[in-house]
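Colleague: Quick mapping for you: the protein sequence lines, in order, are chains A and B. With this note's numbering applied, the first sequence corresponds to residues 247 to 624, in that order. With this note's numbering applied, the second sequence corresponds to residues 247 to 624, in that order.
Treat the hints as calculated values from the structure; they're not laboratory data. It cannot be assumed that every hint is accurate.
Repeated chains share a single entry, so a pair holds when one copy, or any two copies, can fit it.
Pairs of lysine-lysine residues, derived as BS3-like cross-links and limited to a Cα-Cα distance of at most 25 Å, are as follows [said to hold, decoys possible]: (1) Lys-533 to Lys-332; (2) Lys-280 to Lys-332; (3) Lys-473 to Lys-560; (4) Lys-456 to Lys-503.
2 protein chains.
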Amino acid sequence: MRARLFTPGPTQVPERVQIAMSTPLMHHRGLEFKKIFEEVIADLKYFFQTEGEVLPLTSSGTGAMEACVVNLLSRDDQVLTVAGGKFGQRWGELCRTYGVQTHTLEVPWGEAVAPEEIEAFLKAHPKTAAVFLTHSETSTGVAADIETIARTVKERSDALLVVDSITSAGVLPFKMDEWGIDVAVTGSQKGLMIPPGLGVVALNERAWAKTESSDLPKFYFDLRKEKKAQENLTTAWTPAITLFMGLREALRMIREKGLENLWEKYALLAHATRQGVQALGLELFAKSPSDSLTAVKVPDSIDGLAFVRHLLEKYGITVAGGQAHLKGKIFRIAHMGYYDSLDMIAMASALEMALADFGWNFEHGAGVYAVQKVFMEK
Amino acid sequence: MRARLFTPGPTQVPERVQIAMSTPLMHHRGLEFKKIFEEVIADLKYFFQTEGEVLPLTSSGTGAMEACVVNLLSRDDQVLTVAGGKFGQRWGELCRTYGVQTHTLEVPWGEAVAPEEIEAFLKAHPKTAAVFLTHSETSTGVAADIETIARTVKERSDALLVVDSITSAGVLPFKMDEWGIDVAVTGSQKGLMIPPGLGVVALNERAWAKTESSDLPKFYFDLRKEKKAQENLTTAWTPAITLFMGLREALRMIREKGLENLWEKYALLAHATRQGVQALGLELFAKSPSDSLTAVKVPDSIDGLAFVRHLLEKYGITVAGGQAHLKGKIFRIAHMGYYDSLDMIAMASALEMALADFGWNFEHGAGVYAVQKVFMEK
């Protein structure tokens with residue numbers, strides 16, 4: 247049985263990337279690496295749609311999030327975080343770890359934060375130093391309206407807007423400079439389509455100025471050290487070289503395809519999947535669904551953990567279950583990464599068969615057909 | 247021309263490891279990864295010769311060093327660091343970054359710290375919370391007598407002994423538990439023979455107790471979070487999965503060969519190289535040379551930067567130049583990693599030819615023969 251990975255990170259790795267990562271290793275201070283690094287930096291700017299700094303780090307996305315907190319803030323700052331899922335909560339945990347005065351907007355899991363709520367907070371707290379948000383909340387499959395929120399934050403305050411775009415950059419429309427996002431972070435195993443192990447922080451000039459005055463302690467994640475090393479086309483610390491080799495190839499693929507075309511592709515895959523899932527009588531978990539993944543409610547009559555295990559054991563399909571209190575209650579299907587329409591058909595088909603195995607009552611073939619119909623009508 | 251990597255990290259990656267890293271990616275919370283993780287943890291304990299905790303982190307070795315500082319220390323602690331090279335200095339920089347009271351023993355670059363100096367310090371500062379050392383100083387090629395120092399530290403104080411074993415673990419004899427080393431760190435691209443991107447912290451019970459009371463801020467490098475995740479056979483944050491796949495294979499190779507045999511092999515490669523280099527009329531930089539790499543002085547008549555570049559451009563050999571004030575003054579040849587005697591012969595031969603290209607006066611063939619002789623007499 248062939249293994250098919252549909253988890254919202256890590257996602258499927260393209261063959262071209264796999265091959266690039268299998269060529270011999272080079273030293274990270276030599277010319278060969280510098281050429282790779284230079285190309286990666288230029289393409290990451292395209293990826294984030296920014297002319298600001300982009301600083302790759304050898305860490306997971308969480309490491310890149312920590313880098314934002316410790317480089318942008320100072321001890322006496324007060325900040326706003328939005329917790330509508332596990333990753334939104336993480337911003338709050340990070341800020342509190344470093345003793346920053348942290349206000350958290352609680353949003354029900356499955357819903358997106360309303361721009362008005364952020365506006366009201368900023369009105370009441372005009373000295374807010376930074377607003378930390380999640381664009382695509384991977385734990386719930388919800389997308390926030392970052393474009394509108396960015397406009398609100400700019401209009402109402404001097405706060406930096408820091409966006410976790412880990413499962414949105416390269417997947418959902420994301421225009422860092424045009425929308426006025428000051429800082430964005432991503433991880434390598436999402437829209438960048440390579441294995442996990444790299445995080446990236448992108449910052450505009452306004453954000454960079456804050457790194458100069460920040461007084462929180464940092465060393466490995468000190469972005470000033472990274473920027474200085476980057477002037478010499480390398481990283482401050484020994485980087486995950488093979489991942490950079492893969493990243494160059496993945497970014498070439500992204501450029502060849504074009505970001506706008508990718509955004510359109512993912513929107514189509516996600517829309518088709520949502521249609522398919524609903525045609526099987528299942529419900530979506532997210533009220534404002536992200537196109538990078540689809541979170542599906544497990545019907546009460548089905549054991550969610552057993553269902554996810556069954557998809558893997560019988561059909562070779564790995565989806566992600568729910569996290570925290572959603573464990574066993576939802577499962578999540580990735581669209582971001584190296585997927586096409588027939589992958590989603592295969593997914594829908596396995597889903598139908600697995601549902602039948604669990605005695606779920608639905609019209610056989612309806613799910614696959616609903617997915618197919620979206621592609622045919624395109 | 248075939249590329250040959252002789253840098254003291256990254257080192258040559260074995261074919262078996264390369265192949266293991268080229269198989270399809272799996273999700274890091276599933277059974278397939280857990281099996282890999284379980285095997286890796288067991289084998290890392292063998293690698294460090296410890297029954298304590300071993301916690302792999304997705305970061306470079308510097309990240310693992312930072313993890314030691316922020317998890318073991320508290321604000322009011324005073325510590326000793328030893329600076330006899332770039333990596334020894336790094337312990338001091340890290341401790342100072344977090345506001346710990348840091349004393350630094352300065353040792354001339356190229357020399358090893360004398361156990362008596364540490365003894366004298368501990369006598370004068372009985373409240374020292376931790377001593378931070380470098381076993382094999384990669385910037386100078388010097389090995390410290392960690393076994394004796396460990397005995398001294400245990401006899402004279404309650405200080406934790408924290409050892410950077412980044413270029414010693416798996417290469418030089420290193421017996422963490424038997425010698426009484428409390429904490430050791432390594433990086434993946436050295437004796438572990440895989441690409442960079444993973445660091446590992448090993449801790450005994452005494453050290454672990456300190457992590458419970460440490461009050462320095464940490465999140466990504468919080469070892470308590472890692473230990474908790476490890477109970478469930480995974481990592482706290484998304485790990486560099488492909489590197490774990492490679493690490494399992496590399497550790498299998500290390501077990502098959504046996505640590506004692508590896509130590510012996512590296513000692514032989516290093517001894518042969520030192521003989522070869524000296525037979526060419528060159529001088530060693532290190533007074534107590536480490537068997538993981540050989541640092542060679544560049545003769546005054548030769549431009550060191552040009553020489554290193556020439557070795558690469560004409561012979562495909564990448565060695566490392568000097569760092570900091572040693573730039574252009576030394577070059578460094580790795581022995582640790584996937585190397586055998588004929589690799590060292592090839593290296594010595596390229597060195598001879600390059601020296602001839604630079605007009606150095608020596609007996610042609612003497613270097614290669616000196617290396618060969620060591621292997622023949624073995």
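Colleague: State whether the alpha carbon distance between Lys-280 and Lys-332 is at most 25 Å within one copy, between copies, both, or neither.
Modeller: between (36 Å within a copy, 22 Å between copies)
Colleague: One pair to classify: Lys-456 and Lys-503, alpha carbons no more than 25 Å apart. Within, between, both, or neither?
Modeller: Intra 35 Å, inter 52 Å, cutoff 25 Å: neither.
Colleague: First find the shortest C-alpha distance between Lys-473 and Lys-560 inside one copy, then the shortest across copies, and answer within, between, both or neither for a cut-off of 25 Å.
Modeller: neither (48 Å within a copy, 32 Å between copies)
Colleague: Go through the copies and call it for Lys-533 and Lys-332: within, between, both or neither, with a Cα cutoff of 25 Å.
Modeller: Answer is within: at 17 Å inside a copy they meet the 25 Å cutoff, but 53 Å across does not.
Violated hints for the displayed structure, listed by number in ascending order: 3 and 4.
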